[in-house]
Amino acid sequence: MNEVKEVLRVWLGVPGSRPPGLRAIAAHCGVDRKTARRYIEAAQAAGLQRTDGVDALDDGLIGAVIEAVRPARPSGHGAAWDQLLGFEDQITAWVAGDGNHPPLTITKIDTLLARQGRVVPYRTLHRFATERCGFGRRDTTVRVVDGDPGSECQIDFGYLGYLTDPETGRRRKVHALIFTAVYSRHMFVWLTYSQTLAAVIAGCEAAWTFFGGVFKVLIPDNLKPVVAAKSYGSPVDAPDWCPVAGQRESTVHPLDGGWKSCFQIVPSPVRFGRR
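Heads up, the sequence shown is in the numbering used here, so the first residue is 1 and it goes up one at a time.
Derived by calculation from the structure, the hints in this document are not laboratory data.
Computed from a prediction, not measured in an experiment: that's the story for all the values here.
Possibly wrong hints are sitting among the right ones.
[Claimed, not checked] List of simulated lysine to any residue pairs, SDA-like, C-alpha gap at most 25 Å:
id: 1; residue 1: LYS5; residue 2: ILE66
id: 2; residue 1: LYS108; residue 2: GLU67
id: 3; residue 1: LYS5; residue 2: GLU41
id: 4; residue 1: LYS5; residue 2: LYS34
id: 5; residue 1: LYS5; residue 2: GLY78
id: 6; residue 1: LYS173; residue 2: PRO149
id: 7; residue 1: LYS5; residue 2: GLN49
id: 8; residue 1: LYS34; residue 2: ALA56
id: 9; residue 1: LYS5; residue 2: LEU57
id: 10; residue 1: LYS173; residue 2: ALA206
id: 11; residue 1: LYS216; residue 2: THR196
id: 12; residue 1: LYS34; residue 2: PHE87
id: 13; residue 1: LYS34; residue 2: THR92
id: 14; residue 1: LYS108; residue 2: GLY47
id: 15; residue 1: LYS34; residue 2: LEU85
id: 16; residue 1: LYS216; residue 2: LEU197
id: 17; residue 1: LYS173; residue 2: TYR183
id: 18; residue 1: LYS173; residue 2: GLY150
id: 19; residue 1: LYS34; residue 2: ARG18
id: 20; residue 1: LYS5; residue 2: THR92
id: 21; residue 1: LYS5; residue 2: ALA24
id: 22; residue 1: LYS34; residue 2: ALA46
id: 23; residue 1: LYS173; residue 2: SER151
id: 24; residue 1: LYS34; residue 2: GLY47
id: 25; residue 1: LYS173; residue 2: LEU160
id: 26; residue 1: LYS5; residue 2: ASP52
id: 27; residue 1: LYS5; residue 2: VAL54
id: 28; residue 1: LYS5; residue 2: PRO20
id: 29; residue 1: LYS173; residue 2: MET187
id: 30; residue 1: LYS5; residue 2: LYS108
id: 31; residue 1: LYS173; residue 2: ASP148
id: 32; residue 1: LYS173; residue 2: TYR162
Construct all of the structure, not just a fragment, from the sequences and the given hints.
Structure representation (structure tokens):
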């Protein structure tokens, strides 16, 4: 609609100046001359005159021009789409492949259809194969429902850079222990020079003060002080950490397996922590 209106606006020109030619109109509006001519002829047939002002380009006129230059599409698709309907089963088979032949790309399918005398725009073929033939289909993404408020908190270490240690005056590598509440997405960042159990405990105590309580479930991204061994999907058995978690009545689950999707509810916490 905007394209049609712009072509007609340029065609009307500026009062007192020489009206532009068809070539200039097409170049200014980014369309070819045939398209510009069809718009102008349809507008003239609808009653537009070059002596009219831009106020004449109302929705009624633009709608009449569009209806005249663009064929009706009851199904919402053009003739090329309708041609592909007769090849839907074949395209579906090409897209899926079988035991002897791998799935074909859209480029290859386009070539095979051309050999059979069916030449259609690539974008139309790609859209048809995607919408009706299963091309590019992936496993359905299941939305993970957030837990109850105060139920789950994910923990991750992230490298931030170097800061000057006020005690020694030396530049030291700084890490951030990042706590993200799964339900509210509230984030607490605890800076530390080490990734030890003592640093994790200090960060946890500070986080619980910030959040005003202790979360029932902690989801660490395989923190070495917490995850003694990979026991994905079940409580962690880390000898030095278990007494700490037990005192706070928190259950700890490492990241992976069934808990991996829970952690991905809040993606890239380290990136946000750096900001």
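Each hint tested on the structure:
1. With a C-alpha separation of about 10 Å, the suggested pair LYS5 and ILE66 falls inside the 25 Å cut-off, and the hint holds.
2. Annotation: proposed proximity of LYS108 to GLU67 is violated, straight-line Cα distance about 36 Å (limit 25 Å).
3. Between LYS5 and GLU41 the alpha-carbon distance is near 13 Å, which keeps this suggested pair within the 25 Å criterion.
4. Of the supplied pair hints, the one linking LYS5 and LYS34 holds, its CA atoms being roughly 16 Å apart against a limit of 25 Å.
5. With a C-alpha separation of about 23 Å, the suggested pairing of LYS5 with GLY78 holds against the 25 Å cut-off.
6. With a CA separation close to 34 Å, the supplied pair LYS173 and PRO149 exceeds the 25 Å bound.
7. Straight-line distance between C-alpha atoms of LYS5 and GLN49 comes to about 14 Å, which keeps the hinted pair within the 25 Å bound.
8. A distance of roughly 23 Å separates the Cα atoms of LYS34 and ALA56; the hinted pair therefore holds under the 25 Å criterion.
9. Taken as a hint, the LYS5 and LEU57 pair is honoured in the structure, with Cα atoms around 7 Å apart against an allowance of 25 Å.
10. Taking the CA atoms of LYS173 and ALA206, the gap is near 21 Å; set against the 25 Å cutoff, the hint holds.
11. For the hint pairing LYS216 with THR196, the CA-to-CA distance comes to about 22 Å; that is within 25 Å, so the pair holds.
12. Of the pairs offered as hints, the one joining LYS34 and PHE87 is violated, with about 32 Å between alpha carbons and a cut-off of 25 Å exceeded.
13. Only pairs whose Cα atoms come within 25 Å are accepted, and LYS34 paired with THR92 is rejected, the gap being roughly 37 Å.
14. This hinted pair does not check out: LYS108 and GLY47 have alpha carbons roughly 48 Å apart, beyond 25 Å.
15. The straight-line distance between the Cα atoms of LYS34 and LEU85 is roughly 30 Å, outside the 25 Å bound, and the hint therefore fails.
16. For the given pair, LYS216 sits about 20 Å from LEU197 by alpha-carbon distance, which is consistent with the 25 Å threshold.
17. At most 25 Å may separate the alpha-carbon atoms for a hinted pair to count; LYS173 and TYR183 exceed this at roughly 31 Å.
18. For the hint linking LYS173 to GLY150, the alpha-carbon distance of about 32 Å lies beyond 25 Å, and the restraint is violated.
19. This hinted pair checks out: LYS34 and ARG18 have alpha carbons roughly 22 Å apart, not beyond 25 Å.
20. Between LYS5 and THR92 the CA atoms are separated by roughly 41 Å; this puts the pair beyond 25 Å, and the hint is violated.
21. Distance hint between LYS5 and ALA24 is fulfilled; the C-alpha atoms sit about 16 Å from each other, no more than 25 Å.
22. In summary, the hint linking LYS34 to ALA46 is supported, as the alpha carbons are separated by about 18 Å, within the 25 Å threshold.
23. As the CA atoms of LYS173 and SER151 are separated by approximately 32 Å, the hinted pair breaks the 25 Å bound.
24. Proximity of LYS34 to GLY47 is assessed by CA-CA distance (about 20 Å); at most 25 Å being required, the pair is judged to hold.
25. As the CA atoms of LYS173 and LEU160 are separated by approximately 8 Å, the hinted pair is consistent with the 25 Å bound.
26. A threshold of 25 Å between alpha carbons decides the hint, and for LYS5 with ASP52 the separation of about 14 Å falls inside it, so the pair holds.
27. With a C-alpha separation of about 9 Å, the suggested pair LYS5 and VAL54 falls inside the 25 Å cut-off, and the hint holds.
28. Taken as a hint, the LYS5 and PRO20 pair is honoured in the structure, with Cα atoms around 16 Å apart against an allowance of 25 Å.
29. Using a Cα cut-off of 25 Å, the hinted pair LYS173 and MET187 holds, with the two alpha carbons roughly 22 Å apart.
30. Using a Cα cut-off of 25 Å, the hinted pair LYS5 and LYS108 is violated, with the two alpha carbons roughly 39 Å apart.
31. The straight-line distance between the Cα atoms of LYS173 and ASP148 is roughly 36 Å, outside the 25 Å bound, and the hint therefore fails.
32. Among the hinted pairs, LYS173 with TYR162 is consistent with the structure: their alpha-carbon atoms are about 5 Å apart, no more than 25 Å.
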